[in-house]
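K.L.:
Which chain is which? The protein sequence lines are A and B, in order.
Using the working numbering, the first residue of the first sequence is number 85, and each one after it goes up by one.
Using the working numbering, the first residue of the second sequence is number -5, and each one after it goes up by one.
In short, the hints are calculated from the structure, not lab data.
Using N, Cα and C, we set each Cβ at its ideal position, and we do this for glycine too.
Hints are not guaranteed to be accurate.
Here are the simulated distance ranges between beta carbons [stated by the list, open to error]: (1) A:His309 to B:Pro117: 19 to 27 Å; (2) A:Val339 to B:Gln164: 37 to 45 Å; (3) B:Glu114 to A:Gln410: 34 to 42 Å; (4) B:Glu166 to A:Leu247: 32 to 40 Å; (5) B:Glu114 to A:Arg596: 47 to 55 Å; (6) A:Asn440 to B:Glu166: 50 to 58 Å; (7) A:Pro522 to B:Ala118: 34 to 42 Å; (8) B:Ala118 to A:Ser288: 33 to 41 Å; (9) A:Leu247 to B:Ala118: 44 to 52 Å; (10) B:Glu114 to A:Lys294: 52 to 60 Å; (11) A:Lys294 to B:Pro105: 51 to 59 Å.
Computed list of lysine to aspartate or glutamate pairs in EDC-like fashion (alpha-carbon distance at most 20 Å, straight line) [as the list claims (entries may be wrong)]: (12) A:Lys409 to B:Glu107; (13) A:Lys525 to A:Asp515; (14) A:Lys297 to B:Glu124; (15) A:Lys300 to B:Glu107.
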Amino acid sequence: MADEKKPDAAAPAPKPPEGAKPPEASKPAEPPKAPAGPPPAGGPPKPPADPVIKLPKAPDGMMTLRVNGTDHFINPKKYKTLIGALHDLGYDVPHFCYHPGLEPDGNCRMCYVNTIDVMSGKPMLGLQLARQPFERYPKPTISCKEPLNPRGMVIETESAAVLEARKWVMEFLLINHPLDCPVCDKAGECMLQNNSYDHGKADSRFQEAKNEKPPKDLYNPDQQHGIKLWTDRCITCTRCVRFLDEVSGTSELYVMNRGDRSEICIAPGHPVDNELQGNIVDICPVGALIDKDLMYTYRAWYFQRTPTVCPGCSTGCNIEAHALKQYVRRLVPRENTDVNNYWMCDRGRHDFHYINADQRVMQGRIKDEAWPVVSACEEAGKRLAEAAKAGPMGVAALASAWLTIEEMHVLKTLFNETLKSNSIGLIAQADWKEASFPKFKIEADRNPNRAGGKLIFGADAEEKARQIVADAHAGKLKVLYIASSMPHFEPSAELLEAIAKVPTVIVQDLQRGTLSQKAGIVLPGSSFAEKDGVFVNAAGRMQVLRRAIDPLGQGNDDLAVLQRVAKGAGAPEAVSKLLSAREVFRRMAEKYPGLAGQTHLTLGKKGLAPAQPAPAAGE
Amino acid sequence: MAGGHGHDSHGHAETATATPPIPEGAFLAPGNTEMTWVEKLYLPEIMKGLGNTFTHLFHKTFTVDYDGTQRDDPRKFHIPREGYRGEHYLKKDEAGHVKCVACFMCAAACPAECIHIEAEAVPADWQDRERYPKRFEIDLLRCIYCGMCEEACPVDAIALSTTYNVVADQREAKVYNREKLLHRGEELGISLTKHHYRPDGIPGHVPEKKAGGH
Chain A
85 MADEKKPDAA APAPKPPEGA KPPEASKPAE PPKAPAGPPP AGGPPKPPAD
135 PVIKLPKAPD GMMTLRVNGT DHFINPKKYK TLIGALHDLG YDVPHFCYHP
185 GLEPDGNCRM CYVNTIDVMS GKPMLGLQLA RQPFERYPKP TISCKEPLNP
235 RGMVIETESA AVLEARKWVM EFLLINHPLD CPVCDKAGEC MLQNNSYDHG
285 KADSRFQEAK NEKPPKDLYN PDQQHGIKLW TDRCITCTRC VRFLDEVSGT
335 SELYVMNRGD RSEICIAPGH PVDNELQGNI VDICPVGALI DKDLMYTYRA
385 WYFQRTPTVC PGCSTGCNIE AHALKQYVRR LVPRENTDVN NYWMCDRGRH
435 DFHYINADQR VMQGRIKDEA WPVVSACEEA GKRLAEAAKA GPMGVAALAS
485 AWLTIEEMHV LKTLFNETLK SNSIGLIAQA DWKEASFPKF KIEADRNPNR
535 AGGKLIFGAD AEEKARQIVA DAHAGKLKVL YIASSMPHFE PSAELLEAIA
585 KVPTVIVQDL QRGTLSQKAG IVLPGSSFAE KDGVFVNAAG RMQVLRRAID
635 PLGQGNDDLA VLQRVAKGAG APEAVSKLLS AREVFRRMAE KYPGLAGQTH
685 LTLGKKGLAP AQPAPAAGE
Chain B
-5 MAGGHGHDSH GHAETATATP PIPEGAFLAP GNTEMTWVEK LYLPEIMKGL
45 GNTFTHLFHK TFTVDYDGTQ RDDPRKFHIP REGYRGEHYL KKDEAGHVKC
95 VACFMCAAAC PAECIHIEAE AVPADWQDRE RYPKRFEIDL LRCIYCGMCE
145 EACPVDAIAL STTYNVVADQ REAKVYNREK LLHRGEELGI SLTKHHYRPD
195 GIPGHVPEKK AGGH
């Protein structure tokens, strides 16, 4: 701003067209002054004119972007179009059809900004084709389609002309919108509501009848999950159409008719039934697409939103858990361009109902007798310690790949140091069907923390588990501790047979099922929504889970149960003290070279990719 | 003190003529009163006071019994003015359904957070809307009777009556559920009225419209 030099033209230095004047001021003056602007300059070679606005030179590989008079140096290759750069710089450019995960379409016209011509210092001109001798007039640019000019750009996002243009766009978008916010499920998280508050007019000048269209079901009646479409709420931004074209590649939806009659449509007999369909509800900027699971029952502003990680598969999609009154109500994806971009699959999205299900283990049980969790844990610890005293190979543990690495660490320390046993194996769920989409993949490995288990227990943890099962089958074990906490876990027949031969089986599990029926001692486990901790996904990325609801096992999550067991076994305070997962992780970071210097805070909301491909196991 | 005042008034004769000089003995210092032996008996004063009491026994009474037996006499029974904010009620539409569409606006506006709603899709035969409250509870012990719920309601389904005198001997009885709130509206005879904004809250009392009022 300061280094800029202007010959004599206008008084306000950096941004001449900032005031309300530019349309009138530039219109008559422009046609004769055409050679100054870039569009006509193309024919004979001319001496290059001095630009009115001189931008400071950017470092190599960067460009100068002057927004509202402030200069920024950005990397033009990082952004597809201008709006991405503006959002990253913190400018609030309203938009509907633009989504960072989709190709820009430019149909909603909400993201108008002014592009200033560097040569003339005035807004870029558009052609007024309606008038016969073509006139040029200052025309705002839609920033979602505007490519970045590496030679530098001057942008205004808040000038009077831009604000006025946004108001007109909002008025147009609301013409056929039914304004039924009180009964619309999207209210509270609706972009149309937000942008209308910020950029719209309070009243409409539209007197005529609204164009009413009937709602449609996008699902087959036999589908368990589905989406309903309110065609009248739709602003035809085509985000859903583009998502199904680009990301899922299934292309079920298309736009039918033209103008204000245009509506999202579906081919009869071809419902939206792909495994990414839930995302079109999230990206719908209005309440046109509503998931029928929660339809009519919720208000978005009551949800307590906790950023966490989806435990559905080894990808570890970043999600938000939305809870209300200690019930998890829904899971929605969270942006992480390194892991899941902006999406998540429907398997993960709908697989949370076990959290608040009736079959949850809520208290301890020893031989068909209900015990308080604390005493049951200590009793289990005592039995472990007794069996460990009797013989070196008396105790073993099977840890599931659904535990966090903190819980695995506590279990490992308990067994290695207090019980002097090295037999800890890693059990996991069987793979499910892999699914691949043009821009998304559902992994076959459905265990969220198998990589973490290998990091803690060593790469041979799963062979060790097989060995433990074989030992149990041979009758060598006295006590077997199974820390499962896996939902929908169906143990294999050989594991069940082996369990039958062990005198004392301690199972820490989520649901009352086959495993806990066979066990002598049952301790409550906790789901991903009830605990803090770290999952390591298939790519070795450490991501932090955060507690969305209170633990259901009388306030004890998996970590607390393990620490109480350790206390019963007489472990030193370093293991048995009831420390938070954050503190356990801080202490772990001193032991494992892969975690050196890390805490939950440094991992942050987006996790940490491994510096080298596979962090070696500690010790 | 009196002397000082007199000296002042003498010094500024023109300005202080309005205030007359204070007579001697007008201010009695405390402890300066010696009661006579008649006064020390207190009997005359007691007789005076009792006389006042007994004359009021034969005056007309202005108080009202709280049992409500006298409510037919509008002079005796307190009828709140229009705009009084008493207990809530829910209205019904012409089909006899609850008017509420479970939009949660009242619960969102409520500063005491005493409104608890659970929404649900309507039964299949309700054609006019999509959602209704499966559960609607107002905890009147938490309620501060501010009337924001009534202001917030987009379909004019909840309103405050002028009923102020409903007591309960159980805390639970003051948590009104949906049926109770609907029943209150019927009891007041105003559940069907469409835009009856501030009705009288006397059970069975047909609210009269004041000419030119409100």
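K.L.:
For the pair Leu247 (chain A) and Ala118 (chain B), does the Cβ-Cβ distance stay inside 44 to 52 Å?
P.N.:
holds, 47 Å
K.L.:
Verify the CB-CB distance for Val339 (chain A) and Gln164 (chain B) against the hinted window 37 to 45 Å.
P.N.:
violated, 59 Å
K.L.:
Starting from the range 50 to 58 Å, see whether the pair Asn440 (chain A) and Glu166 (chain B) falls in it by beta-carbon distance.
P.N.:
violated, 26 Å
K.L.:
Between the beta carbons of Lys294 (chain A) and Pro105 (chain B), is the distance compatible with 51 to 59 Å?
P.N.:
violated, 35 Å
K.L.:
Does the Cβ-Cβ separation between Ala118 (chain B) and Ser288 (chain A) fall within 33 to 41 Å?
P.N.:
holds, 34 Å
K.L.:
Could you check the hint for me, namely that His309 (chain A) and Pro117 (chain B) are 19 to 27 Å apart, CB to CB?
P.N.:
holds, 23 Å
K.L.:
For a C-alpha distance cap of 20 Å, please report whether Lys297 (chain A) and Glu124 (chain B) respect it.
P.N.:
At roughly 16 Å apart (the allowed maximum being 20 Å), Glu124 (chain B) and Lys297 (chain A) satisfy the hint.
K.L.:
Is 34 to 42 Å a correct range for the gap between the Cβ atoms of Pro522 (chain A) and Ala118 (chain B)?
P.N.:
With a Cβ separation near 40 Å, Pro522 (chain A) and Ala118 (chain B) satisfy 34 to 42 Å, so the hint holds.
K.L.:
Is the straight-line distance between the alpha-carbon of Lys300 (chain A) and that of Glu107 (chain B) 20 Å or less?
P.N.:
Violated, at roughly 36 Å.
K.L.:
A range of 34 to 42 Å was offered for this pair. Does it hold for the Cβ distance of Glu114 (chain B) and Gln410 (chain A)?
P.N.:
violated, 20 Å
K.L.:
Check the hint pairing Lys409 (chain A) with Glu107 (chain B) against an upper bound of 20 Å on the C-alpha distance.
P.N.:
OK: Lys409 (chain A) and Glu107 (chain B) at ~14 Å, within 20 Å.
K.L.:
Holds or violated: Lys525 (chain A) and Asp515 (chain A), Cα atoms, limit 20 Å.
P.N.:
Since the Cα atoms of Lys525 (chain A) and Asp515 (chain A) sit roughly 14 Å apart, the hinted pair holds (cutoff 20 Å).
Violated hints, listed in ascending order, are 2, 3, 4, 5, 6, 10, 11, 15; each of the other numbered hints is respected by the structure.
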